[in-house]
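> Heads up: the protein sequence lines correspond to chains A and B, in order.
Reading the first sequence from the start, the letters are residues 122 to 323 in my numbering.
Reading the second sequence from the start, the letters are residues 122 to 323 in my numbering.
Bear in mind the hints are in silico, worked out from the structure with no lab data behind them.
Bear in mind that the values here come from a model prediction, so they are computed numbers and not experimental data.
Don't take each hint at face value.
Identical copies look the same in the list; a pair holds intra-copy or inter-copy alike.
What the hints assert, rightly or not - Calculated cross-link-like contacts (lysine-lysine; reagent style DSS-like; alpha-carbon spacing at most 25 Å):
1. K213 <-> K286
2. K200 <-> K286
3. K263 <-> K230
4. K127 <-> K230
5. K299 <-> K206
6. K213 <-> K267
7. K291 <-> K134
8. K165 <-> K200
9. K226 <-> K299
10. K306 <-> K226
11. K230 <-> K165
12. K213 <-> K291
13. K294 <-> K267
Number of protein chains: 2
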Amino acid sequence: MLVDFKRPSSHIKYLSSLTSDEWIKLALSNPIEILIDHAHCERKAAGVAVQLMFRYPSEPNLSEVLSPIAREELEHFEKILYFLKELGHSLKALKPPPYGAELAKNIRKDEPNRMLDSFLIAGLIEARSHERLALLTLNSEKESFKVLYESLLESEARHFGIYWKLAQNKFSKNQTFKRLEELSKIESEILAETYMMPRVHS
Amino acid sequence: MLVDFKRPSSHIKYLSSLTSDEWIKLALSNPIEILIDHAHCERKAAGVAVQLMFRYPSEPNLSEVLSPIAREELEHFEKILYFLKELGHSLKALKPPPYGAELAKNIRKDEPNRMLDSFLIAGLIEARSHERLALLTLNSEKESFKVLYESLLESEARHFGIYWKLAQNKFSKNQTFKRLEELSKIESEILAETYMMPRVHS
Numbered sequence: 122m123l124v125d126f127k128r129p130s131s132h133i134k135y136l137s138s139l140t141s142d143e144w145i146k147l148a149l150s151n152p153i154e155i156l157i158d159h160a161h162c163e164r165k166a167a168g169v170a171v172q173l174m175f176r177y178p179s180e181p182n183l184s185e186v187l188s189p190i191a192r193e194e195l196e197h198f199e200k201i202l203y204f205l206k207e208l209g210h211s212l213k214a215l216k217p218p219p220y221g222a223e224l225a226k227n228i229r230k231d232e233p234n235r236m237l238d239s240f241l242i243a244g245l246i247e248a249r250s251h252e253r254l255a256l257l258t259l260n261s262e263k264e265s266f267k268v269l270y271e272s273l274l275e276s277e278a279r280h281f282g283i284y285w286k287l288a289q290n291k292f293s294k295n296q297t298f299k300r301l302e303e304l305s306k307i308e309s310e311i312l313a314e315t316y317m318m319p320r321v322h323s
Numbered sequence: 122m123l124v125d126f127k128r129p130s131s132h133i134k135y136l137s138s139l140t141s142d143e144w145i146k147l148a149l150s151n152p153i154e155i156l157i158d159h160a161h162c163e164r165k166a167a168g169v170a171v172q173l174m175f176r177y178p179s180e181p182n183l184s185e186v187l188s189p190i191a192r193e194e195l196e197h198f199e200k201i202l203y204f205l206k207e208l209g210h211s212l213k214a215l216k217p218p219p220y221g222a223e224l225a226k227n228i229r230k231d232e233p234n235r236m237l238d239s240f241l242i243a244g245l246i247e248a249r250s251h252e253r254l255a256l257l258t259l260n261s262e263k264e265s266f267k268v269l270y271e272s273l274l275e276s277e278a279r280h281f282g283i284y285w286k287l288a289q290n291k292f293s294k295n296q297t298f299k300r301l302e303e304l305s306k307i308e309s310e311i312l313a314e315t316y317m318m319p320r321v322h323s
C-alpha cells in the first residue's frame with residue numbers, strides 16, 4: 122500500500138534528518154502504544170528539568186526557567202493520562218527505546234561542557250518530539266488524537282528554544298552552534314541505527 | 122533572654138515530638154537562610170514525587186496523584202525564588218542537614234515494603250514541614266514572611282494526607298499505622314540527635 126503522509130510546510134532547522142515514512146506508518150498503526158510512550162516522554166522531560174535544577178542549584182536564573190518547564194511537562198503528562206483513561210487505557214511500563222541512553226553517552230563529564238551538552242541534548246529531544254507530534258497531528262486518523270497532539274506540540278518547540286537560550290546565555294555563540302551541530306548529527310545517527318519500535322523516539 | 126514563642130492550638134498527631142524552642146529561636150535569627158533552605162525543600166519534595174513516578178510507572182492511580190503534588194511543590198519553589206529576589210537575595214547551595222539521608226536509610230529494600238516506607242517518610246517530612254512553617258508563620262517578625270509561610274503551609278498538611286492515603290490504599294490499616302509509628306519515632310530521634318543548623322529539618 123502506498124501512502125502519502127502529510128508533512129509540515131516548515132522544517133526544524135536544528136534537526137539533521139527528517140523522520141522517515143516508515144516511522145510515521147509504524148506510529149499510526151500503534152496509536153495507544155505511542156500515546157503511552159509519549160506520556161512517559163513528558164514524565165522523563167520533567168525529570169530532566171528537575172535533575173538539572175538539582176545539579177546546578179546555585180546557577181543564576183536557571184531554576185526560574187527550568188521549574189516552569191517541569192510543571193508544564195507534568196501538566197501534559199496528566200493530560201495524556203486522562204485522555205488514555207477516557208479511552209479505557211492506562212499508563213503501563215514500556216520498554217524504552219535506546220535513544221535517551223545513547224544520547225546521554227555523549228554528555229561530556231567535565232564542567233562546563235557537561236552543562237552545555239545537557240542543555241543541547243534536552244533541547245534536541247524536545248525538537249524531535251515537536252517534529253514527530255506535528256506528523257502525528259497531521260496524519261492521525263482520529264480527530265481527538267489530532268487535537269491532543271496539536272495541544273502538546275507547541276510547547277515542545279518553545280522548550281527547545283528555552284534550552285537553546287540557556288546554552289547561549291552561558292556559552293559563546295560559536296561554541297554552542299558547533300556542539301549543537303555535532304550532537305544533532307549524533308541524534309540522527311542514533312535514530313537511523315535503532316531497530317524501530319512504536320515509540321516517539323525510535 | 123526569655124522568649125515565649127507562639128504555638129498552634131492543635132498538634133499534628135503523627136509527629137512523635139514537638140519542635141523545640143531552640144529551633145524556633147535559631148530559625149527566626151536566620152530568616153534568609155531558612156527561606157533558601159525551604160526553597161530547596163520544595164525542590165526536593167518535587168524530586169521525590171517525580172522519583173516515585175519513575176519507580177512505579179504502572180502503579181494504578183499513582184502518577185495521577187503524584188504529578189499534581191510535584192507541580193505544586195515547584196510552584197512554591199518558584200514563589201520563594203521570587204520572594205528572595207525581591208529582597209535582593211537568590212538561591213544558593215546550602216549544606217543540607219543529615220535529616221533526609223538519615224530518614225532514607227530506614228526505607229526497606231524489598232517491595233512492597235519499600236513503597237510503604239517511601240510513602241510514609243515522604244508524608245512525615247511534609248508533616249514536619251507543616252509544623253515548622255506554622256511556627257514560622259506565628260513567630261516571624263516581618264509581616265511579609267508570615268504571609269508567605271502561611272500561603273505555603275496548608276499544602277504541606279494536604280500532601281501528608283495524600284501520602285497517608287496512598288499508603289492506606291495499598292496496605293492494611295494495621296500495617297500502615299504500625300510502620301508510621303516506628304518511622305515517626307525515628308524521625309523525632311534524628312532531629313533530637315542532629316547538631317542544630319538553621320535549616321527547616323534540623
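> Does each hint hold? Answer for all of them.
Against the structure, the hints:
Only between protomers do K213 and K286 lie at most 25 Å apart by alpha-carbon distance; the minimum there is 22 Å, versus 34 Å within a single protomer. In this assembly of identical chains, K200 and K286 lie within 25 Å of each other by CA distance solely across copies; the values are 23 Å between and 27 Å within a copy. Proximity of K263 and K230 under a CA criterion of 25 Å is satisfied in neither setting, with 45 Å inside one chain copy and 44 Å between copies. In this assembly of identical chains, K127 and K230 lie within 25 Å of each other by CA distance neither inside one copy nor across copies; the values are 41 Å within and 50 Å between.
When the C-alpha separation of K299 and K206 is checked against a cutoff of 25 Å, the pair qualifies neither within a copy, at 44 Å, nor between copies, at 34 Å. Only within a single protomer do K213 and K267 lie at most 25 Å apart by alpha-carbon distance; the minimum there is 22 Å, versus 43 Å between protomers. Proximity of K291 and K134 under a CA criterion of 25 Å is satisfied intra-copy only: 22 Å inside one chain copy versus 49 Å between copies. In this assembly of identical chains, the alpha carbons of K165 and K200 lie at most 25 Å apart whether taken from the same copy (15 Å) or from different copies (24 Å).
In this assembly of identical chains, K226 and K299 lie within 25 Å of each other by CA distance solely inside one copy; the values are 18 Å within and 45 Å between copies. With identical chains, the CA atoms of K306 and K226 are at most 25 Å apart within one copy only, with a shortest distance of 14 Å there and 43 Å across copies. Taking the closest pair of Cα atoms, K230 and K165 come within 25 Å of each other both inside a single copy (21 Å) and across two copies (24 Å). Taking the shortest Cα distances, K213 and K291 sit within 25 Å of each other only across copies (18 Å), while inside one copy they are farther apart (39 Å).
Proximity of K294 and K267 under a CA criterion of 25 Å is satisfied in neither setting, with 37 Å inside one chain copy and 45 Å between copies.
The structure fails hints 3, 4, 5, 13 (numbered hints given earlier, in ascending order).
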